[in-house]
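*Asks:* Chain residues, written in single-letter form:
2 protein chains.
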Amino acid sequence: TASAENIEEEVGRVVEDAKELQDMVANHISKTSSEEQFLRQRALSLDSSIHRLRSLLDSLLSHKLLDLKLADKLDEDLQKARCIMVDGDIASLLPSNVQGRFLRMFLGPINVRASRKDVQLKVKEEYNSYRDRTALLFLLFPSMLLILRSWVWAGCLPAFPVQLYQAWLLFLYTGLALRENILRVNGSDIRPWWIYHHYCAMIMALVSLTWEIKGPTDCAQKQRGVQLFLQWAMMQGVAMLLQNRYQRQRLYTRIALGKAKRMDVVWGETAGVDGQLWLLCPILFILQGFEAYVGLLLLRTAFVGVVSEWQVIFCGFLLVVMAVGNFVNTVQTLMAKSRF
Amino acid sequence: TASAENIEEEVGRVVEDAKELQDMVANHISKTSSEEQFLRQRALSLDSSIHRLRSLLDSLLSHKLLDLKLADKLDEDLQKARCIMVDGDIASLLPSNVQGRFLRMFLGPINVRASRKDVQLKVKEEYNSYRDRTALLFLLFPSMLLILRSWVWAGCLPAFPVQLYQAWLLFLYTGLALRENILRVNGSDIRPWWIYHHYCAMIMALVSLTWEIKGPTDCAQKQRGVQLFLQWAMMQGVAMLLQNRYQRQRLYTRIALGKAKRMDVVWGETAGVDGQLWLLCPILFILQGFEAYVGLLLLRTAFVGVVSEWQVIFCGFLLVVMAVGNFVNTVQTLMAKSRF
Ligand SMILES: CC(C)(COP(=O)(O)OP(=O)(O)OC[C@H]1O[C@@H](n2cnc3c(N)ncnc32)[C@H](O)[C@@H]1OP(=O)(O)O)[C@@H](O)C(=O)NCCC(=O)NCCS
Ligand SMILES: CC(C)(COP(=O)(O)OP(=O)(O)OC[C@H]1O[C@@H](n2cnc3c(N)ncnc32)[C@H](O)[C@@H]1OP(=O)(O)O)[C@@H](O)C(=O)NCCC(=O)NCCS
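Sequence lines, in order, name chains A and B.
Take the position in the first sequence, starting the count at 1, then add 580; the result is the number in the numbering used here.
Take the position in the second sequence, starting the count at 1, then add 580; the result is the number in the numbering used here.
Do not rely on the hints blindly, as some may be mistaken.
Which copy? The list can't say, so a pair holds if one copy fits it or any two copies do.
[Claimed, not checked] Here are the simulated BS3-like cross-link-like pairs (lysine-lysine), alpha carbons at most 27 Å apart as the crow flies:
hint, residue 1, residue 2
1, 702, 649
2, 653, 599
3, 653, 611
4, 611, 917
5, 644, 611
6, 611, 599
7, 702, 653
8, 644, 697
9, 697, 611
10, 649, 599
11, 697, 599
12, 660, 917
13, 644, 702
14, 599, 702
15, 649, 611
16, 917, 649
17, 697, 660
18, 660, 599
19, 644, 599
20, 697, 649
Because the hints were derived from the structure by calculation, they are not lab data.
Small disclaimer: the values here were computed from a predicted structure and weren't measured.
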């Protein structure tokens, strides 16, 4: 019949089309990748030129072979060239931060680098809004536990809700650590410590899950550690909200300034939000102090002998380490910023 | 000085180069993406043509308007066209399996799809070797615990090593679930159940972490559940090793047959490893039976009243659900295979 003849012809055409398209796509891929190779070569050589000129400039300066004003101008020019490379589309051709062991452990050898700049920004924004949602829960969850504890549970937390909270913390910190690693691969300058900090928090959540909450002995005394921990978590919620506001404004300032403008403002980049930083930092320091205090209290309850589980000693120790690390890294960040 | 003049000129050149390169890269990106857009359009229309012709073919056949031999040939041709699209480079242009909630929850909106076919294969191979390493540990870890239990610990497991094992399980299942989700996005036909199965296993590991292992009462009785669980885990290690051998050979058969050939063998694809499947399946069924048995025993210990923690009931219930799901899905897989 006509329809049968028709379909034979159409099927034949479809097979031909598929073969042709396959060839076209294969062609497109190989052409694109060889062009990319060429551009990458140029980017790499340009990158090394910038490095070479910067060290030449430094050595000329230190030997006083260069006029100071000229040196300043050249420094600015080099900075500009560097910004064009790092903030523009070229960045996707330069080798990225290596994808660390953590990501490989969980995800295998998949590449999480976004090749386009706008996708990278979207990832960053989503990270910020994830942190926002998190911060609210960080406030709500422990405060609810503490309120229920004194109003409903007569001073003695039942195990289940606390364990639910600890499981949530574990999930949360794992997500944050994964996302921050992904941001790093996508060119964020996040200090490694903030990521290690979340590894520590993951371990702590895991350990606290195995921590016996309701023993046969006096409840109030046994739960002193849990209670302190919850109070500290609430304070962290407040700090996170402030920190998020600051980070988000910083990101928006950078986006709003636009690509071209942004290149000229690296050294005064935080100008618009510097005020906030000086409000945020005292709060951060107080929090870090409280973190260390909670850690020391936990250690004390363990050594005085009220609670002798290894989990308590371990968490106390980890909290102190985290507090010290946070403090050192916040100070270093501030010092680096004030140098500009 | 000469050197100073030189550097001024060189810096100027570098800035110019950077601007030029930025333009070239931007150009390259926009050209590539518009070409891709064009190719994608063609791929999509070809895809819908194939769908249309297939249903036309079916309806012609059901109305007996087509010679059977011709229909077979056309069916084969359509299958061929489909294979060219799915197995070749075109696949990267077609919309992939949506990236599920699980990945978004942990990773945010980052794209984990590998655009090149060889990278996808590498991801799959790495997943297989990850499973291999895992399977060995699956054998070693619980058997060591059981041996130490009877030889060193006098029939009573201490809490710490068991909790270490449970934490390892949690980490492991999270990694597997993430990797399988990534494989799915990259075009694997893995049944959703095998992924849900790992979600269940994650939840079980988490719950078992909060499970009190060493109570004040009789140890041997309280640990009956843990002991059964460890025995089942050992058996699972054996099954995993066999399963991996089968899956790996299946993958290698597919790679070895090569792209062109592979397209002709989808329907007889497992030919080379069918024998293994008939060895593997009875073992899987036995294991699934044992899984259900352990679940029921846990439920019994809970209801008879030896151990009355909710964790025991929950894990028992989960094990039964997993066993039934595994059984149903294995049977469905076998039935789908035998239809060819
Ligand atoms: C001090 C602080 C506000 C400085 O923030 P900042 O001005 O963004 O710091 P930097 O300029 O060094 O940031 C570089 C990058 O790291 C990121 N970053 C900085 N601190 C971060 C943190 N704590 N977590 C995640 N990312 C962070 C920034 O977003 C930026 O990313 P980008 O390169 O993609 O734009 C910030 O580091 C901070 O909040 N630290 C204290 C955290 C703390 O102690 N929390 C626990 C309290 S108990
Ligand atoms: C029955 C079985 C051997 C069939 O395997 P198969 O022949 O590969 O099955 P399919 O052809 O349906 O596979 C389709 C895809 O899913 C993958 N897949 C199948 N079963 C899988 C599993 N259990 N885990 C992960 N991936 C699996 C295959 O690798 C294949 O991937 P691809 O499309 O990327 O090539 C396998 O499903 C299996 O081992 N099931 C039992 C698992 C079990 O019960 N474990 C617990 C024991 S208590």
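*Asks:* Any hints from earlier that this structure breaks? Give me their numbers in increasing order, please.
*Replies:* 1, 3, 4, 5, 7, 8, 13, 15, 19 and 20
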